[in-house]
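Visitor: So the chains spell out like this:
2 protein chains.
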Amino acid sequence: MKLVCTQSDLSTNLSLTSRAVPSRPTHPVLANVLLNADAETNQVSLTAFDLSLGIRTSFTAEVLESGTIALPAKLLNDITSRLNDGEITLEEEATSVDDVGGEGIIVTLTPESGRYQLRAMGAEEFPELPTIQDSQALYLSAEVLIEGLRGSLFATSADETKQVLTGVHLKVQKDTLEFAATDGHRLAVVESTNVSPEDAPKNDTANELEVTVPAKALRELEKMLAHSSSSEEAVALYFDQGQIVFEWQHQRLTSRTLEGQYPAYRQLIPASFERDLALDRKQFLSALERIAVFADQKNNVVKVSIDSAADEITLSVESQDIGSGRESIPAQISGEDIDIAFNIKYLMEGLKALPATEIVMQLNSNLTPVIFSPSGGLKMTYLAMPVQLRE
Amino acid sequence: MKLVCTQSDLSTNLSLTSRAVPSRPTHPVLANVLLNADAETNQVSLTAFDLSLGIRTSFTAEVLESGTIALPAKLLNDITSRLNDGEITLEEEATSVDDVGGEGIIVTLTPESGRYQLRAMGAEEFPELPTIQDSQALYLSAEVLIEGLRGSLFATSADETKQVLTGVHLKVQKDTLEFAATDGHRLAVVESTNVSPEDAPKNDTANELEVTVPAKALRELEKMLAHSSSSEEAVALYFDQGQIVFEWQHQRLTSRTLEGQYPAYRQLIPASFERDLALDRKQFLSALERIAVFADQKNNVVKVSIDSAADEITLSVESQDIGSGRESIPAQISGEDIDIAFNIKYLMEGLKALPATEIVMQLNSNLTPVIFSPSGGLKMTYLAMPVQLRE
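Residue numbers (our numbering), protein chains in the order written: chain A, 1 to 391; chain B, 1 to 391.
In case anyone wonders, no lab produced these hints; they're calculated from the structure. A portion of the hints provided could be inaccurate.
One copy or two, either will do: identical chains are not told apart, so a pair holds if it fits within one copy or between any two.
In silico BS3-like links for lysine-lysine, alpha-carbon gap of 27 Å or less [stated by the list, open to error]:
(1) Lys352 to Lys74
(2) Lys216 to Lys2
(3) Lys74 to Lys345
(4) Lys162 to Lys174
(5) Lys162 to Lys282
(6) Lys2 to Lys352
(7) Lys379 to Lys174
(8) Lys282 to Lys379
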């Protein structure tokens, strides 16, 4: 194996793949990134795999000699990212007795100044990335995918014992795409029209799909897509037997999917509402951030009082020990006055994710689900359960 | 107590003083900031004191009623920093039975929107900041003080059992100012000409001073001075009986000083050198940063080989387990070739702090102190002890 590439190509691709390198590998070879260099196509691919999440990226280089080898991911990434811009030569040493005096495979990295030698491992020990055969691809627009992930990922559960809730539930239909996430206390749903790029094959009606994908993998997908050159490109999606694969340009992300029945979240969203409010999102959020200083001391509970005569809502927290806080913000209100209490953290996280200047808050009573949604733009629904108000 | 001030004045001054609020107060009142409002001068001062470090700042406000009160520092700071720009009214409630239903002192904070009530404490419990009487002030230029702290603070010891080494040793003479710090492995000394601002009183020869001040207090001093409007102003320094006070504009920082004999560091710096090198600081530093990736695995030891024929020095690390790294950088060398080894962290920290493009490295043998200094500009000396080279 011998190749010449630029520092920026190697460094960028290493840092992308490194996200699938486990921090505590169960097997030594998993701490490596698999480098494959092809002299025929002048393509270099890098692969990392923690046995659940797999990432493969590739880039163009001058490949003088084909080969595949497993290189220590962290060490190679740490050095490469600190090198100046310029050309780098990577070469597998023919001899098995190295400068360092030991035996084994040695790869020499030669940037414009300096010279680094790394102990490498044979490619044969590195596990294969899962591939999906006999599955027709679904095509999603990268932009729609990014929006959907932004509006749902934050609401997944961090509690590993709640398996299926640690993922985002993805529902792909002919022209629509739905992302849902819930941790049992709140729910976020994003519905998109999936406008595939014109040059991508159209999705077949037979290709409908429902799957729950771990949040960890989707967070990496979101980062990789945000790094990609064009947000209008098509991402191909393959799904089979507990595995899902996202593929675009020269990048691929594979992940196991989560087992178990995803909650029937649609039935949690009320069909009609007795009360309806229009609010400025940023004003609401910044008042909550101040009130949160007190709510921290009070089980995070904030009281929201709807006052239709004054056309405002009042947020308040009272704590015996430290004091009290109260803020009012203007609102367009239809429906009767009511006091309702929330966990302030769920309220703030939902408001942060809603992609709109003005939002709509809809509710029935003070113990039934409350819905927040953007007025206009992306179709997103955020549901927060009220909490009991203890005076 | 009643006053009206701007959000930015209150917030800025609270965040400065809050640095002297202990995170785990030994007495409840120390978690507070003492607010003093004077209707005659329209000045408000804020004081925090952890019994070692004390900070007092003051600002102008419309004081409607004089008074002194202890307010919960973190809570007040958290709310104030989240408020929008605008006027804030702070008022001590006349009644001792508050909204919250308890008894005690309540302070109401009324920004342009909202209303916050905080439980406060009486001023009488708050300890007095140490004051220094019968000591004539020394005047230092803020700019010189900042430069001296930047060049020395990083070399102090973090080991609390080495008391006197956790501080910076300050030596003030008529026209000179010297800062020294060492942790036993390396030493940083900055010498400045203390050009006092013209309008400041001249220092008296009688006012010579040698004192060791805790790094923690000096880090806060550095931040406060960096925030101050003018770097050319004079800082008054008072010293007495284990206490030191820095005072400028409306700000004051007091600190206990460290007891114990400071090492006679001057005698560690060799008087003459057999070898003398001129190097580009950034080039040296970035090569070290890459080599450090390997040195991490090898007790942080880097070998520096001086090659006068090639006009370069070579940095190298060899590790049996992971590989090896080598970088050469050009140097102007006088003296014979030699190999010498360092703890790479000490080398990097020193190079980061040296305020110059080109630096000078001076040494005798590979087991005696090595000196790094800027060529031109600030007079700074950085001494690093070599380590034994194990091949």
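Visitor: Against this structure, judge whether each hint is valid.
Guide: These are the hints, each one checked on the structure:
1. Lys352 to Lys74: between (34 Å within a copy, 24 Å between copies)
2. Lys216 to Lys2: neither (34 Å within a copy, 52 Å between copies)
3. Lys74 to Lys345: This pair counts as between: shortest inter-copy Cα distance 20 Å, intra-copy 36 Å.
4. Lys162 to Lys174: neither (30 Å within a copy, 70 Å between copies)
5. Lys162 to Lys282: neither (32 Å within a copy, 51 Å between copies)
6. Lys2 to Lys352: neither (49 Å within a copy, 36 Å between copies)
7. Lys379 to Lys174: Within. Shortest intra-copy distance 17 Å satisfies the 27 Å Cα cut-off; inter-copy 72 Å does not.
8. Lys282 to Lys379: within (19 Å within a copy, 52 Å between copies)
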